[in-house]
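Given the sequences, and given the hints that come with them, work out the whole structure.
Sequence order for the protein chains is U and L. Residue numbers for the first sequence follow this note's numbering, beginning at 1 and rising by one. Residue numbers for the second sequence follow this note's numbering, beginning at 461 and rising by one.
The hints are simulated quantities; they were obtained by calculation from the structure and are not laboratory data. Just to be clear, a hint being listed does not mean it is correct.
Calculated cross-link-like contacts (lysine-lysine; reagent style DSSO-like; alpha-carbon spacing at most 30 Å) [to be verified]:
hint, chain 1, residue 1, chain 2, residue 2
1, U, K5, L, K548
2, L, K850, U, K31
3, L, K866, U, K31
4, U, K5, L, K516
Protein chains: 2
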Amino acid sequence: MSKDKPSIPKGTRDFGPATVVKRNYIFSIIKRTFEKFGFLPLETPAMENLSVLTGKYGDEGDQLIFKILNSGDFLNKITPQDLEQGYKPLTRKISEKALRYDLTVPFARYVVMNRNDISFPFKRYQIQPVWRADRPQRGRYREFYQCDADVVGTNSLLCEAEIILMMDEVLSTLGLDDFTIKFNHRGLLAGIAEAIGAFGREADLCVAIDKLDKVGQEAVNNELREKGISEEAVTQLQPILELSGDVQDLLPQLDALLQTSEEGQRGLRDIRQMLAFLGSFSLNKAKLQLDVTLARGLSYYTGCIFEVKVNNVQMGSISGGGRYDNLTGMFGLPGVSGVGFSFGVDRIFDVLEELNLFPKDSQTITQVLISNFDDAAMRYSLPVLQTLRKAGIAAELFPESTKLKKQMGYADQKNIPYVLLIGSEEMESGQLNLRNMRTGEQKSLPLAEIVSELQNSLPA
Amino acid sequence: MSKDKPSIPKGTRDFGPATVVKRNYIFSIIKRTFEKFGFLPLETPAMENLSVLTGKYGDEGDQLIFKILNSGDFLNKITPQDLEQGYKPLTRKISEKALRYDLTVPFARYVVMNRNDISFPFKRYQIQPVWRADRPQRGRYREFYQCDADVVGTNSLLCEAEIILMMDEVLSTLGLDDFTIKFNHRGLLAGIAEAIGAFGREADLCVAIDKLDKVGQEAVNNELREKGISEEAVTQLQPILELSGDVQDLLPQLDALLQTSEEGQRGLRDIRQMLAFLGSFSLNKAKLQLDVTLARGLSYYTGCIFEVKVNNVQMGSISGGGRYDNLTGMFGLPGVSGVGFSFGVDRIFDVLEELNLFPKDSQTITQVLISNFDDAAMRYSLPVLQTLRKAGIAAELFPESTKLKKQMGYADQKNIPYVLLIGSEEMESGQLNLRNMRTGEQKSLPLAEIVSELQNSLPA
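Pasting the structure below:
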């Protein structure tokens, strides 16, 4: 080996076959569900104009955008003065493009650019990688996939109900049977602020109570006090944060609390309407929980908000979303509101691994390997190979006559569930020897029966 | 609209739902075929270390690599002297990462990094975008997908035979019925150089005759002369370039011509072995043609080379590949040879559009839209919606009670083949009104029959 042993950039990953297959299993269930609910796929370029991305994610976000150096002589129009002004102003002069940071801004851009051709409500899903120059750490990558679904152009609460249905369907189909979909509403948060005498301060409230799980009640209270929320308001907030019970118990209590708050009443109305829609459906495995402490970056959301937690597993939320106003306002097109949500595929992957929920047969690609003992066996095997493939069975013939041990090891390593052994005896009798690599069982069968046996063993 | 009307970088594309669906139709047939032949998926990061990519594509290629600006203060360690040396040396100092330029170099890097865990022969496919700072023009993009399949770690000619089978299967399955898989062998080209008295000059020969289609015989001859190929050699080359006929006619002629060339004999042996393997299979639609003028960037390939042309369509090759030595030598790991090929998805897309070969039902996602006349109908429709989805039918309910015309327009624009009309009459009778949007036909049926009707209409 030369000394330039190659490596990949930190925070990025190669996905080898075994991992791709498992990830595709997750993606395919998400896609199938999105499509079953009428969402259509959209794909946008990895590169966006830097001007499209800048200013959409706050100062900190802007720093985390990966910029692409202009091609050719990027120094061409750069003067010594430009250089003296430091790297930030220089960036804009030597870089016009950047890698997308999320899927929401490209979606907004797409809607604005194509607004005359889109028939609203527009239901789109998008499953693509995004890039962030974050410091890499466990579970945080510089390249990772987002799986977003949004409906824009309707205020119908049916969309909110369907988000809950989709979260339930995807996670139940993946085999999770103990997870909670928490929901809340920005109106409730505004109403609570009003009710405790901190009208209009819901943003500060939310930033603080968002940390409740992590830092505890006392730290949250201190933060509220630091932000100038009165001691009385902090005291009044306590019992509200401790409200619990199922939604049918909570709603009347909140009704009483938020009686005089317009925003609070809007929140309760929306939640009741969403629950009424949900009443016509049945959920698979999801538990529903109204959680008035759920905040989720409130500045963005304006209506219902959602978050999914897998119970009894140490893992942050694996899905979340909410309703927002004015998606496309950043590009000068007002009045396009919507509601969307996304799945965190890396976290779902880790949860499925931990709970051992990846089905064995989701990991199979090649169904059968034909052994290769010698030239005669190889010649005999070629039409067998074609017969298997024509029957829709993924099959391969080991390309060289080599030690059986090596061939079996190859099948093992590729997770191939069957090996078809064809030696001189088998060629003579036409009874081929099918070995089940999981059980070790071997059967002597004519080809036609091997085909049906393998077809029956295919994943549904 | 504000004046910052957003746009996308030149040479990049948004793929709206109608296009994504068609592209996915192509990708899914390619993937299914790769997998049926035992290839496993690999995914590598979009960003590679610049040092991994530099020097692999020649000077011109290096210029076309998109470099990523280091994040944070990239000017931190830059001195005024660095700036004076121009943009090329500066690039390496302010950019450590770059976007991948093809899938071959990342594949080689992956093989080297994981050589101890890979069980050879390693059959991988990879379908991911690549980025090139080429001047955009019709059919040439700065972001485009490559679909590569390679086998490394075996010299078996079965791999070459299977490449032809896969090309045939993918293109036949896509509905193409008149295409030619041309093949050649580097050994034949070397042998021809030897036979005309230009031993070792096959690289020059190839660069020139590669242009035969575009510039014609006379221009090719002039180029050969300019490169110092003797007049006698040029003259002797003519009848060889005009060799035609099917492979069974050509082989004896080439045998005679290349009798004394070791390389020529190696080429003929390989081709005969590959054809012998192919003889045990049957091709669907592909015509096979041995074309001694096929050159395809010879420096890279060392054995068989392939290229596919759709007949009677103005379009360059839509697939190609060949055998190469020493894939991973660039990273200091010698002796890993292989054979690979790829599909040009953008070109295949254009060919299918031109020949109108995209199946109608490959463009359907939502199978049925339920109309929404009023609140009562909406409530009635919710369990209907769930019943349809539970039966595996992609269904949506228009989320608002609005003008029927708008709802029908929505169905039209989304290519939804059925609309289920549920008004007061339908709710009373339980006979729902299913409208086929393609034929205009309407049927009154109970829900159970609608479910079976829709299930039967699903694409296979």
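Hint-by-hint comparison with the structure:
no.: 1; hint: U:K5 / L:K548; result: holds (24 Å)
no.: 2; hint: L:K850 / U:K31; result: holds (16 Å)
no.: 3; hint: L:K866 / U:K31; result: holds (27 Å)
no.: 4; hint: U:K5 / L:K516; result: holds (15 Å)
In this structure, none of the earlier numbered hints is contradicted; all agree with it.
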